[in-house]
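Novice: Chains R and E are the protein sequences, given in the same order.
The first sequence: position 97 = 100 (my numbering), numbered continuously.
The second sequence: position 345 = 491 (my numbering), numbered continuously.
A few of these clues could be false.
[Claimed, not checked] Derived lysine-lysine pairs resembling DSBU-like cross-links, with alpha carbons at most 35 Å apart:
#, chain 1, residue 1, chain 2, residue 2
1, R, Lys203, E, Lys489
2, R, Lys143, E, Lys333
3, R, Lys143, E, Lys229
No lab work stands behind these hints, which were simulated from the structure alone.
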Amino acid sequence: MTERFKKYLEQEFRAIPPTKGAMDYRKATLVRLEEYAQDARIKGMTDEDAIYNLAIDSLGDFRSTLIAFNAELTDRPKRNNRRLFTAIATAVTVLIVLGLYLVTSLLHLVPWSTSWLILVGPLFAAIISLLTLNGISIAKRKSYVVPRVFLVISIVLASTFVFLVLLMLTRLPYAWFTFLAMVIVIFLSDTLIGFLTKSKLAFLESQATLIITSALLYVMLGIAHVMPWHPGWLLPALAAIAAVAALIVMLIHRSNKKKAPKVKKSELKPTTVDEKFYTEW
Amino acid sequence: MKKKQKIKAELWDKMQYLFRNYYDRMVHAVLYYDGLIDIPTLKTILVGTTEKVPVLHSSFHDSAIDPYWVVEPYVVDDILTIKEVDKDALEEEIESFITQCIPVESHVQFKMAIFNSEGKSTLCMIVNHMCFDGGDFKYFLKRLARNYNSAISGTPVIDIKTGTRSYDQVYTKLDDEDKEVAKNLYKNISQVKDEHYFPLTPDHPSDKSMINRSKVDRETFDKFRRIGKHYGVTVNDLMLAVYMHSLYEFGGYPETDTVTIPCMVDLRRHIEGGEEAGGLTNHTGFMQCSVEGVGANVNETLVKVLQSVRKSKQDKYMGLYSLPLLKLAYTILPYAISEIAIKIGYLNPLIGMSNIGVLDPVALSLNGLNLVDGFMTGAVKYKPYMQLALTSLNGELTMTIAIRGNDEDKKAVERFFEIIHRNIADFIEHNKQYAE
Numbered sequence: 004m005t006e007r008f009k010k011y012l013e014q015e016f017r018a019i020p021p022t023k024g025a026m027d028y029r030k031a032t033l034v035r036l037e038e039y040a041q042d043a044r045i046k047g048m049t050d051e052d053a054i055y056n057l058a059i060d061s062l063g064d065f066r067s068t069l070i071a072f073n074a075e076l077t078d079r080p081k082r083n084n085r086r087l088f089t090a091i092a093t094a095v096t097v098l099i100v101l102g103l104y105l106v107t108s109l110l111h112l113v114p115w116s117t118s119w120l121i122l123v124g125p126l127f128a129a130i131i132s133l134l135t136l137n138g139i140s141i142a143k144r145k146s147y148v149v150p151r152v153f154l155v156i157s158i159v160l161a162s163t164f165v166f167l168v169l170l171m172l173t174r175l176p177y178a179w180f181t182f183l184a185m186v187i188v189i190f191l192s193d194t195l196i197g198f199l200t201k202s203k204l205a206f207l208e209s210q211a212t213l214i215i216t217s218a219l220l221y222v223m224l225g226i227a228h229v230m231p232w233h234p235g236w237l238l239p240a241l242a243a244i245a246a247v248a249a250l251i252v253m254l255i256h257r258s259n260k261k262k263a264p265k266v267k268k269s270e271l272k273p274t275t276v277d278e279k280f281y282t283e284w
Numbered sequence: 147m148k149k150k151q152k153i154k155a156e157l158w159d160k161m162q163y164l165f166r167n168y169y170d171r172m173v174h175a176v177l178y179y180d181g182l183i184d185i186p187t188l189k190t191i192l193v194g195t196t197e198k199v200p201v202l203h204s205s206f207h208d209s210a211i212d213p214y215w216v217v218e219p220y221v222v223d224d225i226l227t228i229k230e231v232d233k234d235a236l237e238e239e240i241e242s243f244i245t246q247c248i249p250v251e252s253h254v255q256f257k258m259a260i261f262n263s264e265g266k267s268t269l270c271m272i273v274n275h276m277c278f279d280g281g282d283f284k285y286f287l288k289r290l291a292r293n294y295n296s297a298i299s300g301t302p303v304i305d306i307k308t309g310t311r312s313y314d315q316v317y318t319k320l321d322d323e324d325k326e327v328a329k330n331l332y333k334n335i336s337q338v339k340d341e342h343y344f345p346l347t348p349d350h351p352s353d354k355s356m357i358n359r360s361k362v363d364r365e366t367f368d369k370f371r372r373i374g375k376h377y378g379v380t381v382n383d384l385m386l387a388v389y390m391h392s393l394y395e396f397g398g399y400p401e402t403d404t405v406t407i408p409c410m411v412d413l414r415r416h417i418e419g420g421e422e423a424g425g426l427t428n429h430t431g432f433m434q435c436s437v438e439g440v441g442a443n444v445n446e447t448l449v450k451v452l453q454s455v456r457k458s459k460q461d462k463y464m465g466l467y468s469l470p471l472l473k474l475a476y477t478i479l480p481y482a483i484s485e486i487a488i489k490i491g492y493l494n495p496l497i498g499m500s501n502i503g504v505l506d507p508v509a510l511s512l513n514g515l516n517l518v519d520g521f522m523t524g525a526v527k528y529k530p531y532m533q534l535a536l537t538s539l540n541g542e543l544t545m546t547i548a549i550r551g552n553d554e555d556k557k558a559v560e561r562f563f564e565i566i567h568r569n570i571a572d573f574i575e576h577n578k579q580y581a582e
């Protein structure tokens, strides 16, 4: 049965150019046919010819499928209506936000002096969403510098908004601490991304994060009188010592580590026209 | 006083420790021999093996930051029990021994008993699942037999693997690009909500651990396998289908319900060197098998099972999902917090299946003593969790369901075994033309 399927597929695939992509598709189709035949036998079919015909039928108009497959390999992807949908959704959101701003302000539900936050919040949220979506799509291509910059911008925007809300609505005495906390959040999140993406500088960055975080915490806690300046200075000092110690341990570890032989990256198979792409299984 | 040696608790040690909430963390084996085992030789081999694998004589320390093992002193009598028993009392003694639980604080993490009756020995062993899994348990028993045979023949050698216990050996067979992908498989595959449960009585303090077993005889199992061979399916696929089919009947699930059960996967398939590589540890993942409704007969259910498991089998990363997520949780969070976080994110499957596979009678024979019967099984599950474990030996298949329960639960499990046997018989009858 397998040989019959192979013969059929070798013949059918002559309708499209012999490429590696076509060969992979041919092999996958063979697996599909074999699975179909297996299911048919388990269900009770015994006539091998009938199973063969049914399995081939299950592929539908296979010649058309093949031509479509080939076209997909060569054609540019068609535009979908996602852009139109996004434009409409954006316009509707802008109208709702503007409406909310005007209604709440004109009806004096929120004073004019603070109601502009209703505009700023969604604006920042929209920018952050755009940066996040673009950042993710760039990161999928294994490029992480731009997404990391986007993340920093997003955190700055979010912190600015939090600061404005705290300042204008709560009048907290230490609202400006938001900007100090922002630096900590930027370093922590960037370090985390560094580790997740296996950045070579992640370890060094984590040490810098440790020192900066402890220094900023020291400043914040000192100003807020939560921790005395003395011996509170021990916090950044100990963090710096810990960071240096970790660095030394890492350097010693690295120098002791034997260099593993580099594994050769698997060679990309040629995509040129080749007869084996029609017949190799 | 000499400072005690500490051993790092590996990712799977911590995970198996977390599983204490769902089962008793023990792995069990019972091997019946047709003659008497030489006890002094066995003691020598046991001590030699234990010395070479420090985690087997260590106590586990549950620290809030990072748990660890501490190597402890022991004597062979802490591990080995020898008892002469009447033939009638043998099974009771075995059940009593293998249903005990070794506390993590114990100085030894495995125990063995030799029950001698009418000139034949039965070897029973339990081991803390935190030390190693079923795959390495089989390896351990094979090496025990080999070392025993060498000692008897006058060339005592303790040969047992002593390498790394790290989870990340599972990436060694992958090329650089695939490794990169595998190390980013953060998907939590435990999050498949299936509320179908195996009907047992409510949990009660008087419940006791029990290992229920039932055997598929050689003739039946042989026919079963022949049919499988004809259709090009594995014993695992066949048993999964029979199990699924029986569960619908026993559990009274509506025929159109989707039922998902995980099937344990030995991750050593991804390790360069297989079972010989690294050290004794856990390398077990699972693949989900989902059937959208039960078939009219086992054949139809088998087709549904195949449609589900094919996706997993064709996936080169089978069983490797969620490992990076666990690694991340244990790396960035202190242990106490990571355990809470994982417990929140982890859904322990209510029903499972583990095919431990074939016990090799040749590799397990002890100086000419034949292994005439035996089985291995996983941990004793706490209600409402249950798992069917399968081992085959000498052409027979032993099914075990280890649970904490009462006599009524025992009867329920026996009824379930009867349904499985009936479904196997029906399947053979339905496909009898391929059974010969």
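Novice: For a quick check of understanding: which of the numbered hints are violated here, in increasing order?
Specialist: 3
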